[in-house]
Amino acid sequence: MNQNIGDLRDLAKEAGRHMKRVGWTQGAEKKRGKVSIIGAINHCETVPGDAQILHQVLHHRGRAEDWNDQAGRTEEQVVGFLKRTVIDTDTLTEVFGPQYRQVLGIVRTISAADEPDLYELSKANGKIPSRLAAYDAAWDAAHSAARDAGRDQHADYAWNAAYNDRLPDADDSALFAAADAAAAVAVRDIIPTEHYRTLTHAWRAIFGGPHPSDKA
222 MNQNIGDLRD LAKEAGRHMK RVGWTQGAEK KRGKVSIIGA INHCETVPGD AQILHQVLHH
282 RGRAEDWNDQ AGRTEEQVVG FLKRTVIDTD TLTEVFGPQY RQVLGIVRTI SAADEPDLYE
342 LSKANGKIPS RLAAYDAAWD AAHSAARDAG RDQHADYAWN AAYNDRLPDA DDSALFAAAD
402 AAAAVAVRDI IPTEHYRTLT HAWRAIFGGP HPSDKA
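Residues 222 to 437 (my numbering) are what the sequence shown spells out, left to right.
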């Protein structure tokens, strides 16, 4: 899985330059024309999944869709914010926690997955109802541990980044599998191993363990 920051580092800056060229808008975008803060980022994404990561950074900083659409907001403010934004290790650790590299790997992998892999992931996740009690217990434990450690936002941002509903070939089952795995790996260091393995079961079945210390 691709875990290097790479082009993500300057994606916001590229989005700012693009917005400056084509113009800024609020609310719904037209197919070809001015862009919102999210539209600019999506347009400039070069590595599948990086826009999803940056979206969550914007949410963390209070600079996402709602901020873009506020009355009185100006193009200068939005372009200026984007051009000043650099994504580095400190940023990703703040938003996604110490396992940010593994979160990045999952988000990029699901965003670049082909239709057969998405189908297999959906099937693997479809088997979870037979383990529903264990799955619910794992989620409860993970949320409790994350909340107690003040790390619930890491799991939430990771989940939202991996649930890439812009993927035309992915159904909810596949997206849930990716999102659950991303949330679990984000708090892997503070949840019991058995719960982590339960939450990443479907992902591991298709793509392998998201963390280098994972066993088969």
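Quick caveat, the hints were computed from the structure, so don't treat them as lab data.
The structure presented is a predicted model; accordingly, all values stated were derived computationally and were not measured.
Misleading hints may appear alongside valid ones.
As the list claims (entries may be wrong) - In silico DSS-like pairs for lysine-lysine, Cα to Cα no more than 25 angstroms straight-line: (1) Lys241 / Lys252; (2) Lys241 / Lys251; (3) Lys344 / Lys436; (4) Lys234 / Lys344; (5) Lys255 / Lys234; (6) Lys234 / Lys251; (7) Lys252 / Lys234; (8) Lys304 / Lys344; (9) Lys241 / Lys344; (10) Lys304 / Lys255; (11) Lys255 / Lys241; (12) Lys252 / Lys304.
The hints, checked one at a time:
1. In summary, the hint linking Lys241 to Lys252 is supported, as the alpha carbons are separated by about 17 angstroms, within the 25 angstroms threshold.
2. Simply put, Lys241 and Lys251 have alpha-carbon atoms about 16 angstroms apart, close enough for the 25 angstroms limit, and the pair holds.
3. For the hint pairing Lys344 with Lys436, the CA-to-CA distance comes to about 22 angstroms; that is within 25 angstroms, so the pair holds.
4. Taking the CA atoms of Lys234 and Lys344, the gap is near 39 angstroms; set against the 25 angstroms cutoff, the hint is violated.
5. For the given pair, Lys255 sits about 17 angstroms from Lys234 by alpha-carbon distance, which is consistent with the 25 angstroms threshold.
6. Distance restraint check for Lys234 and Lys251: the Cα-Cα separation of roughly 22 angstroms lies within the 25 angstroms cut-off, and the hinted pair is therefore satisfied.
7. Taken as a hint, the Lys252 and Lys234 pair is honoured in the structure, with Cα atoms around 22 angstroms apart against an allowance of 25 angstroms.
8. Restraint check for Lys304 and Lys344: not satisfied, since their Cα atoms lie roughly 42 angstroms apart, outside the 25 angstroms limit.
9. For a cut-off of 25 angstroms, the pair hint linking Lys241 to Lys344 is broken: about 44 angstroms separates their Cα positions.
10. For the suggested pair Lys304 and Lys255, the alpha carbons sit about 17 angstroms apart, so the restraint of at most 25 angstroms is met.
11. Using a Cα cut-off of 25 angstroms, the hinted pair Lys255 and Lys241 holds, with the two alpha carbons roughly 9 angstroms apart.
12. For the given pair, Lys252 sits about 24 angstroms from Lys304 by alpha-carbon distance, which is consistent with the 25 angstroms threshold.
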